[in-house]
Structures are given as C-alpha cells and as structure tokens.
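Asks: These two chains come separately, so use the hints to put the complex back together.
In order, the protein sequences belong to chains W and F.
Numbering of the first sequence is given in our numbering, commencing with residue 1 and proceeding in unit increments.
Numbering of the second sequence is given in our numbering, commencing with residue 1 and proceeding in unit increments.
Hints should not be assumed to be uniformly reliable.
Stated by the list, open to error - For lysine-lysine, the following BS3-like pairs were computed, each having C-alpha atoms within a straight-line distance of at most 30 Å:
(1) 256/F - 12/W
(2) 351/F - 250/F
(3) 355/F - 2/W
(4) 351/F - 35/F
(5) 26/W - 113/F
(6) 12/W - 194/F
(7) 194/F - 8/W
(8) 355/F - 256/F
(9) 138/F - 172/F
(10) 32/F - 479/F
(11) 194/F - 2/W
(12) 479/F - 35/F
(13) 256/F - 2/W
(14) 490/F - 32/F
(15) 545/F - 531/F
(16) 35/F - 250/F
(17) 351/F - 26/W
(18) 638/F - 490/F
(19) 8/W - 135/F
(20) 8/W - 247/F
(21) 12/W - 250/F
(22) 247/F - 2/W
(23) 12/W - 247/F
(24) 138/F - 12/W
(25) 50/F - 113/F
(26) 637/F - 351/F
(27) 134/F - 146/F
(28) 12/W - 134/F
(29) 54/F - 479/F
To be verified - Over 10 Å on every C-beta distance to chain F, these chain W residues come out as not near it, computed from the model:
(30) 1
(31) 3
(32) 6
(33) 11
(34) 14
(35) 68
(36) 71
(37) 73
Treat the hints as calculated values from the structure; they're not laboratory data.
Just so you know, even glycine gets a beta-carbon here, dropped at the ideal spot from N, CA and C.
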Amino acid sequence: MKTAAELKHGEKARISDINSDNPSYKRLIEIGFTPGQEIELVNTSLFNDPLAFSIRGTLIAIRRNEADCIILS
Amino acid sequence: MSIDVAKQIPLITLVGPPNSGKTTLFNYLSGKNFKTVNYPGSTVEYYTCKIQEKFNIDANLLDSPGIISLNPNSPDEEVTVNSLYNHPEFGVPDLVIATADASQLSRHLLLTKQLLSAGFKVILVLTMRDLLEKKGLKVNTEKLSKLLRCDVVQVNGRTGAGINDLIISIEKNLEEIENHRKVQPYTISNQLSKENLLNLYSEIENLTRAVIEPIEIPDLEKINKQINILNPVLQESSLQPDLFTLKLDKILLHRKYGLLFFFLIMTTMFTSIFWLADPFMTMVDNFFSYLAQTSSELLGNTWYSHLIGDGLISGTGAVLVFLPQILILFLILGLLEDTGYLARGAMMIDKPLSKIGLNGKSFVPMLSGFACAIPAMLAARTISNKRERLLTIFIIPLMSCSARLPVYVLLVAFLTPSDRPWLGGLLLASIYIFSIVSSIIVASLINKFSKKLIRTEDTSSFILELPAYRIPKLKVVLKNSYLNALHYIKRAGPIILLLSLVIWFLTYMPNHSPQIDATGLNEEEIIQLEKSERLATSYAAELGKFIQPLMTPIGMDWRIGVSLIAAFAAREVFVSSLALIFRVTDDENIQSSLLTAMQTATNQETGEPLFTASTVIGLVVFFVFALQCISTIAVSKKETGGWRIPVLQLIIFTSTAYLLTLVTVNGLKLLGIN
Ligand SMILES: Nc1nc2c(ncn2[C@@H]2O[C@H](COP(=O)(O)OP(=O)(O)OP(=O)(O)O)[C@@H](O)[C@H]2O)c(=O)[nH]1
Ligand SMILES: [Mg+2]
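Just chain F, same shape as in the assembly (with noise of 0.2 Å):
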C-alpha cells in the first residue's frame, strides 16, 4: 500500500444517526453550505472539506449519511459504513466525531456505542440540547465523558454554542494519536446479534438514566445531591415527544384529512411558483431588453450588432427572465424541507406508492426531483430495497425539473388569455399534476407488467422517524436557494450561452445579407423580410429538412424541430432558440415580443398559425416526457450500476413524447381545438 499526500493530514470523520445534525455542524467547521434538511437521509454522499482557518486545526473533515448502527440497510448507509473502515482516498479515519440529538440520548448512543466498541478514536458530540432544555432536561458530559471513556461535548452547530469545547477536544485527542500508530478498526458484525443489540440498550438504558438530569433550581441542587435519585415525573416527561409536534400531527397526520392537507400545500406550493415570481420577471425582462436595446443603439444594423443583440443578450435572456420562478422554487422547496413535514408526506402516501411497486421514501426523491433529476437520483439511495429504488430512479426523469420551467411558463404565458392572468398559476399547476400522475402511470405499468426491467426482488420495507417540527431558518433557507439559482446559472448559463451562438450562427449564416426587394416597405418590414430570407436559406434550414417529416405528423415545422433538438443540450435552450428563431422588434420586453412573435408565425408547409392551442399543448406534453439531459443519463447509470436503465429511460421517454405529442396535437386539432 502507498502512503499518499492526503493521508499526511489527519482525517477527522462524522457520523450520527440521521438528522442528528451533522451536516450543520460539518458546515459550521467547514464554512461550507451542504445541504441541511429536517428529514433523516438528507446527507446520501460523503463530502471532504478542510477545516476552516479561524480554528487553527490542519485536517480534513469528513461528511457522511445517517446511519443507524454500523450494520448498513440501504445504499446510503453504506457509503457511510464503507468510508468508515476502507475510505478509498483516505483509508481509516484518524478520529471520528459521532453525534447523537442530546433529546434522543437512548436511542442515539447505540451507534456510538458501536463505534467505541469496533475501536474508533471517538468524540461524542451532543446536539439539539436546546430541545432537551426546553423539557427541563441536560446532560451531564462530565459523568457521561467518565461512563463512555470518551470526550463529551455539547455544540449547537446552528449557533456555534459549544465549539470551543470541541476544538479542544479535537486538539487534543488529534495530539494523542500523533504519537501512536493508526488505530485499525474491527468489524463488528458478530456482534449484532439480537441478543447483544438488546444487552447494548440496556447498558445505554443505564447510562441515560445516570447522565440525564434536571436543569437545576439553585435549591433543588442540594436536595438532589443529597438524595440522589432523579425525579421519577421528570424521567417521564424525557420520553414524551415534543408537545407542539403531537398536537400540529393531529391536523396533519389527521386519519381522514391528513391527505387532502397533503395535496392542498403540494397544490399551493406549484400555483404560487407562477403568481410570486411574476413581478420579478418582469424586472429581470426590463433590464435584458434595456441591455439588447442599448446595444442595438450603439451597433446599428450590422451582423455584429444582430450577434450581440439577437445571439447572446436576447438568447440567454430569455431564459433567465425564469431565474424567479427558479428561485421561488428552490425557496419554497426548501421552507417545506426544513419544517419537518416531508416525513409526513411520505408515511402518507407510503401505501398508495407501494401499490405501484414504489416505497413512501420515494416521495423525498421524487419531489426533489422538481428542484433537478440529479440530486433527486441520488436521494434516493435511502430506499433499502433496490427493487423499490431503481424504479424510483427510472421514474424521476418524469418530475418536471427547474429546467422545464422556462420552457412551460412560455407556453403558458402563451396559453393564458390576458384578461385572465390568474389561470397561469393553474395552468402550471396542472402540468406538474400531469407530470406526477404519468409517472405513476408509468411505475404502475413498469411494475405490473414487466418484472425484467427492473430483475431485482427483496423484501420491501418502511420505517422511518418522524422528526420533531421546526420553524425553518429563514436566513439557511435564503442562502440556500440563493446558492441553488447561483449553481443553476453556472451549469445552465454557458451551455445556454454557447448554443444560443451556435443557433444564432446556423440561422444567421451563410446568407447573412439577403437580397429583398425593398420597394414600398418600411424599416421595420426590411428587416423582417430579410430575416425571414436569411432564415430560410440558413444551414439551420438545410437541416430541418431532414426534420420536416417527423414535425409535420405534429403540426409544427423544422423551426420547431431545431429547437427541439437544441434542448437535448439543456431543456432552456428551447426557449433560447425561440427567441432567436422567431423573435424580430427588439424595442418591446423579450418575454412579451417572443410571445407576438409565436402567435403570428405560421407553418411553412401548411401556412396555418404554427402555434395553436394544440401544439402548444403538444408541446407541454413532449417536454413532459421527452429525457433531454445528458447529465440526467450519466447519474442514472452511476447509481443503477449499468448502462441498462439509462438506455431504457431514454429509449422509452422520448418515443413516448413523440407519440403523446402526435396523439395529443391530432386529437385535439379533431375536437376542434386549434
């Protein structure tokens, strides 16, 4: 074995139950912002960072998923497990830090118990003591430091409280080791049968009951000290659950109503993602039509100018004149994440789901899945049975990510009359109910009929904690979104940037001054004329002749049809390459001036309004289906293992768009809908 560079800092792991808070005090060493979420199994991947400067400490710390015990139950349990005894990059880690949630003591401390046990260097961290304080209850370190023959800190990671604590703690034990060999942990499976699994809990049963004390009252101190015997009512009321939390489930979790709250504040969550972003938008527009104004002005008409204006400022602005609803998304995804109310939703629609071969920890994937497909691939690690999660795997292609979101409030903004803007939150809502109710369409007909896609069978299984409700932190909240769009402009910005030149090159060369006939027509005709000329003996035209046959079944035409295919690239591009395809006058707002734009193109083989109720409604239904993400296939088939999933995704997908969109475009044009 070779000694490499990184394993000359030491390597300072953190492991802990789920949700014990690790992830916030990760990012309160690390300076980091890893995403921290009021659901156990928010943390599926582990992440190295070194510890910030301000403490003084050279290593490098380790994040890793919440496990239970160190018998691993799921995919996500085992990256954890894994990292512990065999990290491929940095071996066996030098110290562990292992938390425990101070108000869940008796159920926390087995995982520590364990790793004592395997022979880890460890130092216990108790988090959440604010809540054990709220029921009048502490932990006495000092006597669980002695009992545990461990160290035994108490840190708040959300406020910092206590770190001081631990940074000498780390100090220290970081000093002892220098002088030793790397301690090699033993495996410890043999002893977790059920019968040392029950003696482990009555020892830790023992040691709570010597550690837990009640906050003391100046008198009561003495009386305690003398007697020494802790207060029976005050044992009690450690093992009730939060109060606030028993009486908010009664609604929530209520028997009968519980599941239409469910789809109430799913339902509110999609409409106002439409209604909250609209004001922004109309910022965002205003200042890229200034900006394409401003440069027309400058440039006149010359190509450079038409590069600058139509290729990149036009381009890309109109797709980030959607960064609000993107934004609003991510925020209100997040406020729900962080109450605690995800658990919920997913013991609700455990059952249901599980009719269609799905588990109630799909609900978490699957909703992140409307945030992006990649994140949502990986949640999804915290379903145990694989069965269970590759289905889950194969249907999250079908939740209608940030990406589409440009591209369907386009269309919806088209669909929407003006004298009835509210319809467009609905409208929007609808297409995410459509997308959620295919993809159960589709698990369901997976399940049912076709136990080859998906070989695997092992026992199906739903336990999960319920954690206490929390209002969120507004300000990790705020950060976190903002970091989200901030990370969505930086995947999606220079694809889009690059494919609005490359479109704007196809559709602008190699007649790039086209010979009109002018006479008789003004300024604003000339250039429409000459770009209408320059458009149609573009290489953009060359190829979408080889486009043609499969757009016209749909009603639509080879404009379309590049535009399609340039969203294979980035579903936003779509949207990008509207604008530059159809959009003439720059002196109008970009969003508003693409949408005159739509409603009087007409299709060059029919010479029919090209965009009907119809095609746009075909359109919603291809960008539905259709997997236009090549980021989306590589993770798939990291986490299905092959290439097997991915290839049927993508097969399967996108035939379905097409044929959906063919039947749903010529269906409608018979109803009479155009």
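The shape of chain W in the complex, shown without the other chains (with noise of 0.2 Å):
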C-alpha cells in the first residue's frame, strides 16, 4: 500500500483513501483530500517535512506523517 509520504517529487498519483487511524484525517478529508483526486508532490522542505502537494487547483502543505495516512492507488 502506497502513501503519499511516499511520493517522489513531481510524483503524481490518486487517492483511494484515507486512513482514519491518524487524529487529522477529518481535517485532511475537510480540506480536500478525499479519494478519487488526484494529488501532486510538488515541493519538498530541506527535512523532508512538511510537503506540499497540488490537489483541486490548490498547494497545500502537510506533514509528513499526515501524508502517511493517505492512501494512493
């Protein structure tokens, strides 16, 4: 199972779910990330953390074990 921390940058890819495991994924959901949207790693920071993704028209930038809970297909 691939998540999206595990994108590679310009890496693009689709949701197919979030895992509800993680306290944030009402937010991440809320926010946009929801399955069937496509998702781009677009920028890094130096750690690694947080990521930016391209996602409906928008960047946001999460951390990097919120990414882990979304889940790519």
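Replies: See below:
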C-alpha cells in the first residue's frame, strides 16, 4: 500500500482512501483530500517534512506523518 | 431571554474558508480598514460594524475568522462557530454571507453546503473571479443558485465590481426574513462523520462540474449548448494551481536553497529598516529641534520654558524621531504579508520549530511580534495544538516589538562609528537575530525541562494552504502602514507625553532655581551646572538612592535606573527620559545632542564614563528580555485563560534581563571592551 508520503518529487497519483487512524484525518478530508482526487508532490522542505501537494488546484502543505495516512491507488 | 436594542437591526455574518476574501469584502461594505493578508488565518477575532450609509441597508455586519468546516479545529475557528450559533451580544445571525474562492470552488463549497444544511439563511458570494478567469473559466451563477437553492453573486472586494448584485440580494433576503421568525440553526456535528464528508464532497464535485464553464467565445457558445459537454481539457486546467506560483515556488521553496532565501529575506528586511528610515528621521528631528528652539527663544530661561522645551517637545520628540523606522517596519511587514510568502516561511521552518515544541504556524505570530506583541498573541489562535500555542504566546514578548525600536536605534547610533554608518543597519539586524535566537533558546528550555509550565498535551499537526503569490496592492499596504503608525502614536503618544511630564517634574523639583557659584563661567556652563545641581537635589535623585544598589553591579547609575523604571510604562519612554535627564543644549538636533550628552556623561558613583560599549550592549540585552509592557501582560492573561503564564513571563523575563545584563556588562569589561 503506497501512501502520499512515499511520492517522489513531481510524482502524481490518485487517492484511494484516507486512513482514519490519524487524528488529523477528518481535517485532511475537509480540506479536500478525498478518494478519487489526483495529487502531485510539488515541493518538499529541507528536512523532507512538511510536504506540499497540489490538490484541487491549490497547494497544501502537510506534515509527513499526515501524508502517511493518505492511501494511494 | 431579554431582547436588547442591538438585536433590533439585523445581523449579517460573513463566513468563509480562510483567505477567501471575507475581510476585503467587510472593509468594502463597512468602509473600514481591517487587515487583509494573503495568509490563511489573518483574522482571528470577530469584528462588527454597521454597513456604510451609501448602501442604504440598516444592518450590522460581522467579520469572522476563516473556517474550513463547521467542525472547529483551533481557537480562531471556535470564535467563528461560536459566533454563528450563539453570539454573546447579537445571538444568531439573521443572514449569513458565505464567501467562496471561485478558483477553488470544489473545496470552498463544503462550508457553504454545511451552512445551508444547518438551516442558516445564506447568500453565497464568489470571490476571486479574476483568478478563475485567468484560467479561461467562469462560474454559471444562475445554475449554481438553482442547485444550491440560495442566492449566488460574484463580487470582487478589491475593486467593488459586482457589489450592486450583492446589495440587491441582501435587501431581498432581509425582506424575506422580516415576516418570519428567526431561524434557529441546527448543530450538525452528527453530520460530520467520514462517510458524510465524503458524500458531501461527491455532491460538490457534481455541482462544480455542472457550473464551471469555459469563458464563452461566441462561436463556441453554440457548440457548447448543443453538445452540453464540457471540454475535458478545460476541466483539467481548472485543477492546475497558478502557474506563476508553481514556478516561483521552484526557487523560493527549493529543497536546499529555500531556507537560505528565507534567511536572506528576513535579514534584508531588518537591515533596511535602519537604512531606509535614516533620511526621514533627520527631517522629523529637524522639525522638533526647530520647535524646541523657537519655544526657548520665545519664553527665555524660565521654568515654564523648561517645561515646554524639555518636558514636552524634547521628551516626546526624542521618541517621535523614530517614527520613520516604525513606519518602514510596518510597510515591509505589510508587503511581505501580502505576497503570500509567509505561508511558505511557515512550511519551511515547521520542522525546526517542532523540535523545540513550537509549530510552523508559530512563525506568523512571531513575525508579527516584531510589530507588536498584542496582535501577535491573538494570531497564535491559528495553532490548533494547545501546548504549542501556549509556548508561542510565552515567547512572543521576546520578539523585538516596534516599541523597542526607538531604544535600539538610539543605542545602535551610539555604538556606530561615524565613519562607518553602514554598520548601523547590520547592528540593528543582529539585535533582531539575537532576540530570535534567545526566544528559540527560551522555548527549547521550557519545552525540555518543564512539563509543568505548560501542562497540556495533545496531538500536533501542521496543515496549511499555500496561497497563490500575488503582487501586493501597494495602496492597501501604504494605507495600512499609515493607519498602524497612527495607531502607534495614539497608543504610545499620550503615555510618552504624560511620563515625560512626570519625569520632568521629578527631575526639576523641588530645587528649581539652584544656587550656584557662577564666577568665571560662560552662559552655557552656567546652564549646565544649574541643571546638574537641580538634578542632584531632585525628587528623582531621592528615589534614585533606592535603585542605586541594583544599578552599581551593572555599571550604571540611578539616572539610567530611573529611565529603566519609567520604561515599564512604555518602552519608548526610556529614550525620552534619557533626553530629559542628560540632554543640555537645545541649539543642536535632538538626536545628535542626546548622543553627545551620552558620550560625555560620567557615572556619578565611580566618575568613569557612563555610556560605554559594555553598558550600552548591556542595555540592549536588558531590553531584549525585559517584559515592560502592561498591555502584553493583560492580553497574555486573556489568551492563556489565567494569571499563571503572564506572571511567569513577567518574573522569568525581567529577572533574566537583569542577570544577563549583569553578565554582559561585566563580561565585556573583563574582555577589555569599554
Ligand atoms: N485577485 C483577487 N484577490 C482578492 C480578492 N478578494 C480578496 N483578495 C485578496 O485575497 C487575500 C485574502 O483576503 P482577506 O480578505 O484577508 O481574506 P479573509 O477571508 O478575510 O482571510 P482570513 O481572515 O485569513 O480568513 C488578500 O490578499 C486580498 O487582497 C479578489 O476578488 N480577487
Ligand atoms: Mg479576514
């Protein structure tokens, strides 16, 4: 099972599910990370954390552990 | 429940996702100038205001902090949700204006849908239509209005385009509710399960697919109507972030060099405060010197001439000459805020900050702490984790606020050799860097050693939208800086004036016309001798005896001590107090004559020079740490919900200030720096 945290710089993928174990999962859904959406990893910071994704026409930065609960198909 | 007068005119609440243009619209409708910033989370408190008369609607308008959904996640979001369901003063809003960024419709409609299903009466305002048009797309508002069953209008709050449609819609909606009972909204917390959210989103996706259309080119129009299918390429393009932003981020958010740019931007900002302001400072200084001179010429060598010349004009002038620096600080901060870069800064330093118990979202509050600690503490509301929020509030007083700027510029000017004026900017920047480093050390110490200081513990998270870069609206930024500076004068001005008078009185009385042996002295020397004699026998000198024991170890005398105590009323008073106590001649510029007086002043205890490199650097250290601001303490109490943190801040910071000054002054002396 691949997660958004494992994406490479510039790599695109489609979300298949959001793991509800992470306490932030609801916020991730509310902000637009929903199954079926395509995301792209566009920027990483020096420490590889947080990561900035392009989703629904916006850039959103989230921490690596939060990206880890975004499951890709 | 009582019905109070305020309820009789309808309440319209502006609600919408962060950075969707609520405050911009609020300002347009109310004619006010609240801060609009290209950062999600710029408004953290609600504001109410009546709609401007020219729009002919008698209603209160409420601006609220941005929320992503009706399920709040941080204190600023709670402010909004609470005000929607039960505003302490106004109750439930009669009408909700929901804003949504047209270029991000599929994300922003979530809240609108929630508001509608909670039973609020909603007008949907689509903002940023210009951004969507740049992508060659537009929203079919009639269709969206039918599908949502509420009014939909497009408004550009920056230019006012489309405002008439909104006014008509507001009038219509207010008329409709006039005949009905006020609706009581439902809480929809039961509708916020994962399943529900996903369903809501797929509804919204269908909606957006139906209403986003390519901008019609006459020929295409017919074809589109016939086939009624959207061009798939255009659909894709609406899902692309702003191209310019993506390109710029390749540089500014570069994995390796991003942080380097970050530090460069910050340093340039702080050094330029000193350099850019210099010519303007001379102008203000000339003005006050002219005033002081004229008044002494008109009034002669009398006590009221001294009161007006020294107490009023020089005392306040000594501080106000630094107004250009403060104005430029506000200007630079404002420009930076409006570009959209701040969210990037927050992202890049999230990791380092999280190591010391802070959050990337602490960055913006810390940065606004350079202007003033009070809005900065409020800005910390965007941090959802309580522990991180409290720690951020704890260290904000260490950020060098604009009230310290006059003190620092004076001390830096003292330290800067006249043949190397460029050094001044760098010295000022290093004071800023020193204050940042100190706050980081304090935060990590507190984070490490004391679970007791800040007791709460909950999961930390960092989810932040990176808004598209925008060219700052210079007009808006200039106006805001001007208003901020005006606010600064209004806040600090009266205190400085009052304190200047008090200090003048304490240093002038009771021996106002001292007997001196004037034989063989010229006029200048007589004035000088009179002044020092008067001071030595003044009330201030009496009081000074009590603080002298504290000042001797740090190489200073009671005259600086009195100024330091006065600075607890407002930090800038330190400068006016020094000007009152030390300055003698008034035929020169206020600043340069104060500097000359400082250079010649001797310690009354030891007879050595009073202001040396070591004592001046010691003073800088004192001002970096000391918590000398009553308003900060009050806001800290309010934001942390108790006296514990503000009292700890006061004790810890002020005692650290004294101890570190002690170490600095004596350490530098040992090293031979004098
Ligand atoms: N291009 C464009 N920019 C706009 C428009 N309306 C607002 N802005 C800009 O969008 C940014 C955010 O505006 P604000 O009014 O502060 O947004 P807000 O909804 O109050 O944001 P929060 O208080 O953070 O929730 C500012 O930089 C505005 O200048 C618009 O119609 N078009
Ligand atoms: Mg706002």
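Asks: Find the hints from earlier in the document that the structure breaks and name them by number, from lowest to highest.
Replies: none
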